[in-house]
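Engineer: Line order of the protein sequences matches chains X and A.
Terminal number for the first sequence in our numbering: 341, no gaps in between.
Terminal number for the second sequence in our numbering: 258, no gaps in between.
Hint data in this document are derived by calculation from the structure and do not stem from the laboratory.
Each residue gets a CB set at the ideal place from its N, CA and C atoms; glycine is no exception.
Hints are supplied without guarantee of correctness; some may be wrong.
[As the list claims (entries may be wrong)] Derived Cβ-Cβ restraints for the label pairs, each shown as a range:
{"#": "1", "chain 1": "X", "residue 1": "V315", "chain 2": "A", "residue 2": "G182", "range": "42 to 52 Å"}
{"#": "2", "chain 1": "A", "residue 1": "E172", "chain 2": "X", "residue 2": "Y141", "range": "28 to 38 Å"}
{"#": "3", "chain 1": "A", "residue 1": "G155", "chain 2": "X", "residue 2": "E264", "range": "49 to 59 Å"}
{"#": "4", "chain 1": "A", "residue 1": "G182", "chain 2": "X", "residue 2": "S209", "range": "31 to 41 Å"}
{"#": "5", "chain 1": "A", "residue 1": "K115", "chain 2": "X", "residue 2": "R240", "range": "21 to 31 Å"}
{"#": "6", "chain 1": "X", "residue 1": "R240", "chain 2": "A", "residue 2": "G182", "range": "56 to 66 Å"}
{"#": "7", "chain 1": "X", "residue 1": "Y141", "chain 2": "A", "residue 2": "Q76", "range": "17 to 27 Å"}
[Unchecked claim] Simulated crosslink set (SDA-like; lysine to any residue; CA at most 25 Å straight-line):
{"#": "8", "chain 1": "X", "residue 1": "K216", "chain 2": "A", "residue 2": "L132"}
{"#": "9", "chain 1": "X", "residue 1": "K146", "chain 2": "A", "residue 2": "W72"}
{"#": "10", "chain 1": "A", "residue 1": "K144", "chain 2": "X", "residue 2": "A339"}
{"#": "11", "chain 1": "X", "residue 1": "K216", "chain 2": "A", "residue 2": "Q124"}
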Amino acid sequence: MATSEATSSAVRTAPLLDRLKGQAPALVVILIALLPIALMDLSTWLVLTLAGLAMGMMIFIMASGLTLVFGLMDVLNFGHGAFISFGAFLATAVMLPLTPWMEADSVWLNLAALLPAIAVAMAMAGALGYVFERVLIMPVYGNHLKQILITMGGLIIAEQLIVVLWGPDEIPLIRPLTFQGSFTLGDVTFEKYRLIAVIIGLLVFAVLSLILSRTKIGLLIRAGVENGEMVEALGYRIRRLFIGVFIAGSALAGLGGVMWALYEEVVTANMGMQVMVLVFIVIIIGGLGSVTGCFVGAVLVGLVANYAGFLAPKVALVSNIALMVIVLMWRPQGLFPVAKR
Amino acid sequence: MSDPLVRNSAPMASTVPAADILLDLDDVHTHIEQYHILQGVSFQVPRGQFTMLLGRNGAGKTTTLRSVMGLWKVSQGRITFDGADIGGAATPDIACRGIAYVPEDMSIFSDLTVKENMVLAARQGEMDDTRLNWIFDLFPALKKFWSLEAGALSGGQKQMLAIARAIIEPRELLLIDEPTKGLAPAIVGAMIEAFQELKQAQTSVLLVEQNFQFARTLGDSVAVMDDGRVVHAGSMAELAENVELQQQLLGLSLDAHQ
Ligand SMILES: Nc1ncnc2c1ncn2[C@@H]1O[C@H](COP(=O)(O)OP(=O)(O)O)[C@@H](O)[C@H]1O
Ligand SMILES: [Mg+2]
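Using the sequences plus the hints, can you model the full thing?
Structural biologist: Given below as structure tokens:
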């Protein structure tokens, strides 16, 4: 077509600019990670960075489903924390009777206790997610105020259910022996579990990214986040897609809950509600609906929390809220804004 | 036809045999929130033809297409497609019956590549190579920018992609909303060529258009809307010859369509 020539140069330069703009958030993360080196010694920085990445990865795992749930159907689910708590408690219920295996000096026995615990936590959190979606969320599609109220209510009920089932006290939890303790690299000592959390987080991110970029379901999810109506007009049922994403997101929240509980070495009924503050900050910073944004936002939040906790413990509590305010002043739609109709 | 103006919501004259009517709107009413937007829309789209839906801004053309697609719920009246009542059907079901939709804003997925947009449009699975090459012949730009993010395309290219999505698999009917809106004249020319190709392939199309030249070039039949109703329906040849009628219906001045 004759006109394609005239516009092709514009087309060629646009992605270049976009790519530069797209990289700004990554540069900011690197900058924020590197700046504190000036304020502490290197080994402290390394330890804090690993701690920050570990925390970030766990929050990412918990948050990734929620950001897609919002992106796809504009659903605000304040009850997401229920899946986190539920996952943690279910895994605990599996692991406690298997304590001897957890304490055994064998990777295989450790995994024989841990993997079923994770499987049960994810499966049941996913199932709870399905019920939650059908019973509480489906009746309030399209109404944000009702969504907030009813999902908050759902969260409270879920937490009370945990109290009924497992009692009101927090339950101490031990990590499998293989994941306890630390390892040394040079003259710096790192906690093993943090490294494992980082590896699992990277794996989850890689798998999610592959699904979103390489499979038809993934393309449909991304297309649906951008324009659900058009996805329907092409002949696909967006609600079916949404329920699938909701279940998967709940299962991931369950996984995140298990990881968080093992990290804290304790489970409490309201742990889900507690981490939800961070989860919301992360998905808002990242840009609602973007998994990549969620990942970058989680890394930022994890790092800032740990650096601030060391440098200025008094402001550590508000550091992430400050981070969110600053990011939103810079990019009101978050670091990776999703094109929304 | 002594007085072609008196054609309000009266049933259409049987110029086309009933069997060849692909889409039939009968007294369709649509509310958007509390607003009564479509107030009894009746017209028919014959199979294998281009039907032009004309009318000034705000007449209800887009709302009509969205009602057919199930994107607005019809509050009264019947929409019959290929003999089946699709009035209350869900949008994906309507699409799967064989209606493709090219919205006014094109609604391409800008985060996805051109290819990925097309992959999603091909519901059956793999894209058919012959058909894809035919589309590349119609719109060479799509081949050129196949792996580019669709958001980076120009307006005209986005329009081509939106149309390509609608034709990557054979569909019974295409609903196309103002494909020339905001496009440079050269691109409009290319667009007409592409549509003429579709016409030769006996594609059934319901096309909303503001540009009367464009409409008369392509249209076999025509329906004109005003204020949420169809105020004229008939053959395009008849309207094209009748300048007075054009003025009356479309407010075209004599020199505007020379
Ligand atoms: N989402 C909406 N909410 C309220 N009114 C709408 C909406 N969409 C369209 N309308 C109104 O419906 C009427 C018809 O609009 P539309 O079908 O878009 O007209 P056209 O496509 O013929 O220009 C207009 O008066 C418009 O303001
Ligand atoms: Mg319109």
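Engineer: Indicate, hint by hint, whether the structure satisfies it.
Structural biologist: For each hint, the structure was consulted:
Between V315 of chain X and G182 of chain A the beta carbons are some 51 Å apart, a value that agrees with the proposed interval 42 to 52 Å. One distance hint, 28 to 38 Å for the beta-carbon pair E172 of chain A and Y141 of chain X, holds here, with the actual separation near 30 Å. At roughly 53 Å, the beta-carbon separation of G155 of chain A and E264 of chain X lies within the given 49 to 59 Å, and the hint holds. Range check, G182 of chain A to S209 of chain X: about 35 Å between beta-carbon atoms, so the 31 to 41 Å window is met.
Against the hinted window of 21 to 31 Å, the Cβ-Cβ separation of K115 of chain A and R240 of chain X comes to about 24 Å, which satisfies the hint. In this structure, R240 of chain X and G182 of chain A break the distance hint of 56 to 66 Å, their C-beta atoms being roughly 35 Å apart. Checked against the hint of 17 to 27 Å, the pair Y141 of chain X and Q76 of chain A passes, with Cβ atoms roughly 25 Å apart. Between K216 of chain X and L132 of chain A, the direct Cα distance comes to roughly 18 Å. Compliance with the 25 Å bound is thereby established for this hinted pair.
Among the hinted pairs, K146 of chain X with W72 of chain A is consistent with the structure: their alpha-carbon atoms are about 23 Å apart, no more than 25 Å. Distance hint between K144 of chain A and A339 of chain X is fulfilled; the C-alpha atoms sit about 23 Å from each other, no more than 25 Å. Our distance criterion of 25 Å between C-alpha atoms is met by K216 of chain X and Q124 of chain A, whose separation comes to about 12 Å.
The structure fails hint 6 only (numbered hints given earlier).
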